[in-house]
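Trainee: Each chain is listed here by its residues.
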Amino acid sequence: MVALGAGSYLYNPRGGWAADPIKVGVATDITGPISWGGIPNANIARMVIDDINTSGGLLGRPLQMYLEDTATNEALAVTRVRKLVTQDRVDVVLGGITSSMRNAIKDTIVNRGKTLYIYPQLYEGKECTPYLFCTGPTPAQQCDTFIPWLIRNGGTRFYLPSADYVWPHVLNAYARKTIEQHGGEVVDEEYFPVDHNDYGATVNKIMSNKVNVVFNTTIPPGLAAFFKQLYEAGFNRNGGRLACVYYDENALNITPANEIEGLGSCLDYFKAVNDPAGNKLQAEYSRLYPGSILFTAGSAATGMYRGLKLWEAAVKEAKSVKREDVAKALDHAKIADGPGGGSQFVPGTRHVKMNMYTAVAKGGTFEIVAKSNGPVMPGECG
Amino acid sequence: MIRSASSADTSGRQRRAIPWIEALLLAAFAVLPVLVDDFWVLFATRVLIVGLLALSFDLVWGYAGILSFGQALFFGMAGYSCALLATKLEITSILVLLPAAVVVGFLVALIMNFLILFGKRIPTPIFIALGTLTGSYVVERLARGWSYVGGQNGIPSLPRLTIGSYEIVEGRVFYYAALAILLLVYVGLRWLSRSQFGLVLAGIRLREPRMAFFGYRVQSYKAVAFALGGMIAGLSGCLYAFHEGYVGPGQLGPVLSTQAVLYVLFGGVGTLVGALLGVGIVDLFSYVLSQQWETGWPIVLGLLLLVVVMFRPKGLIGFLVPERERVGSFGSRSLIGKRQPPVGATDPLRP
Amino acid sequence: MSVVPFVFDVLAYGAIFVLVALGLGVIASMMGIFNFAHGELVLLGAYTVYLLEQRSVPSWAGMICAPIVVGGIGLLLERTVIRRFYAAPVVAMLGTYAIGLALREGVRGLLGGQFYSVTAPLVGSYTLGDVSISKWRSAVIVITALVMAACWLLLVRTRSGLQVRAALENPALARASGISTDRVYALTFALGSALAGLAGGLMVPIYSISADMGVPFLIKSFLAVMLGGTAGFEGAMAGAAFVGGSSAALPWFIKPVVADLLVFVIAIAVMKVRPQGLLSRGGT
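Chains as they are written, first to last, in numbering that gives the first Met the number 0: chain P, 0 to 381; chain A, 0 to 350; chain Y, 0 to 283.
Keep in mind the hints are simulated off the structure, nothing from the lab.
Since this is a predicted model, take the numbers as computed values, not measurements.
Backbone N, C-alpha and C fix where the C-beta goes; we use that ideal spot for every residue, glycine too.
Mixed in with the good hints there might be a few duds.
[What the hints assert, rightly or not] With the C-beta cut set under 10 Å, the calculated list includes, among others, these residues of chain A facing chain P: (1) E21; (2) R143; (3) N152; (4) S156.
Please build the complete structure, drawing on both the sequences and the hints.
Mentor: In structure tokens form, the structure reads like this:
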């Protein structure tokens, strides 16, 4: 049912503070089909904000977190986000996971609400709205190193099965370009409704055309059926390689491990990267939220971390929370450390350059097989 | 000929409750923006706009006896059309967009009429219900898959409605605009239900075969009512899209359509004001509920609606308004209590 | 185009769909009630199997429990809630929608909004030449065929079946003959729910479980029932076979998004041309 307001939570800073708080708004899907992403986002935001408060706050002021549940429901989300910017009057909004959610709420935040908006999830690119900053990987970052690796470790014949909405369409266009640049070929590109569950025809085409790499952009719920039917037709057995750029440790639960053995993914962080900053975050996260959904890159949790820390750095530099001042500083903000490494906004683009890692699913966990040579450029809004 | 509706108060001393409820509601809505803060003004504006949608359903079901599970189809299509006009052709004048929305609603209703209402045989209520539901579902799927209208994402960042160079900002201005439009439509519908047309509809709803024997072209009357419902729903859809600043496939689909049905059922069918009450109370209740229980509140809402449907199918208004006053009833009959034969039984009009 | 995978695919999907639609169809033909919660009954069947697997019960055992559990839930629903709607089937749709909403959100809360997979009782595939056929999906086809046969036998050969058919044809006369339509309705609803539960249990290894898994089935099942017409059991089967078969077959030839829509368009067209459905009365 569509309801209005609420699903909202206020996290007050602990301890006594003299100064009045800086308000941080987080709008993410805590309930609904995308809750596997929203929950770690909300968790990591609370963790980071608590950390900042414990270390003395920001500009001597504590951070107060307003959390709104966008419930994977765009209509509802608009109302709740409106509450954040008009009633709670937050100084910044971080959130949105799917592109449809981002598109639904960005206008309310940036134009009507005149507030800064930081979007933390991997997406299709081409988001160049002023005052909208993206801290998740872009197609360039996910494909530029990944596709050549796939060609070397899979083959040249690609198939692009996709969910029918904006992210796969735009990502596929970029992927196709990169595939052809490196000597591969795209056998076919197909689009399905997200709840489609009968892939017999597609699987048959993949097998009979001797496809080497299935570059998948279908999403749950259809995804599980697709991978299973592909496995049963013998794709993996015959040496085929699966690839899916949003697959992270949480996604490993969607299908049995044997069906995705060898699946390749390319993200800004995996637990297997084993870097000190990442490990520290994992330890703290599991201590605070045991049994909860894991802290991963596919769920935008790393992007949320990055977004908050970069914003913190920008506010410190600008010495203010006013949108124009912070935006100017955020434009080139940088953090030396983070899960998978540090990151920095590329001036003038509002996108972040960061390390990218290629990993392969082996026996139910991920194993890193390649790492980018330093931070990869986002290639957006240049 | 059927006697005029004012004979409904032949019950003697009984006072009419509906005009009091209407007056109270109007007064409350008129002063609301002055009393509450911005957030609630936006909430109330949404209630007014969605109230129009609920009214359109009350018209087609409560008055014409067409159980349309697809009112959101007109709502969404008008929303999308106006959004396209605004983003591709840069038309934002409310004087152009609202009539456009009404026209779109009308045209879509016309198409639905041909597909569902007209035909070799008179459609059964179940067929109409499922046909409209299917129409809503199919068009939603289409919108989800068509990149020209944004696919799953819909069309974001809609500009504001304008009159001349004045922007209708959401808040008190939009609120009063929506209230004015709602009032206009409401008064129109009230007048219609007491007119000859409304009486014929009432007759059709109670004893369709008899009306046919009298010589009324029953299907035509139903079609007109359905078209009118489509126009009102379209109007609502356009207002909604511009108030929220975005239009998406969810505004077309069965979820919103069924919600319109539930609002009216909750509030009370066949009274017009019941539809508005339903929207206000359900939305308010959902808000309060979601504040108490973040993940599970839809369960409670579902159960509550079930209870209402089971024990109080006449809706909330049944508590306030005696049976006789519901325009949907004359004498002791009403739409909900009517016993309908199970699908398998023989019936002279069924194939 | 390879014939064997195509035929297998159509049969495999059609089988599951027939199980779901049949449950809905029998209830609709008998009592005129379109159960908007039917998709959630499928979900409950799937959830039963999932839950039992979490407690180390093998999935095949779970699949035997699923129809029993969901049939029981259906019976409970019928006794408490559904029976009040017989006088107003139209309101039944709304009441069952509310039930479906509550069930769906309840399971969503229990699942935490995630998607989970269950191991199939038969893992792997048969290889015939260079064609691989999933073992479990083959088993589903066989199981469905057996269940259909059992249902048919139940209706045609047993006393209860006779009562059900009598109540379907002419409730008033059946009551006059001393058949308790109350009990028959309860039995039918339980049976329809059990079929849905079985379908859910059987399909969960193939499609994995999520709170919204029942929704796509719902609308298509309605179509199947409308197409099937008033001929009760045979009609529901015919409608389900048509809708399920075309949903599986069309994507082999045209884009899946278009195929989806085409199924609806064809169904509505058929209903306009033949309002009484594919099979009309006289076929029971």
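Trainee: So, A/S156 near chain P? Judge it on the closest CB pair being under 10 Å.
Mentor: holds, 4 Å
Trainee: Does the nearest C-beta of chain P fall within a distance shorter than 10 Å of the C-beta of A/N152?
Mentor: holds, 4 Å
Trainee: Taking 10 Å as the limit, does the beta-carbon of A/E21 come near enough to a beta-carbon in chain P?
Mentor: At 24 Å from the nearest chain P Cβ, A/E21 fails the 10 Å test, so the hint is violated.
Trainee: For the hint on A/R143, just tell me whether its beta-carbon gets within less than 10 Å of chain P.
Mentor: holds, 7 Å
Of the hints listed earlier, the one the structure fails to meet is number 1.
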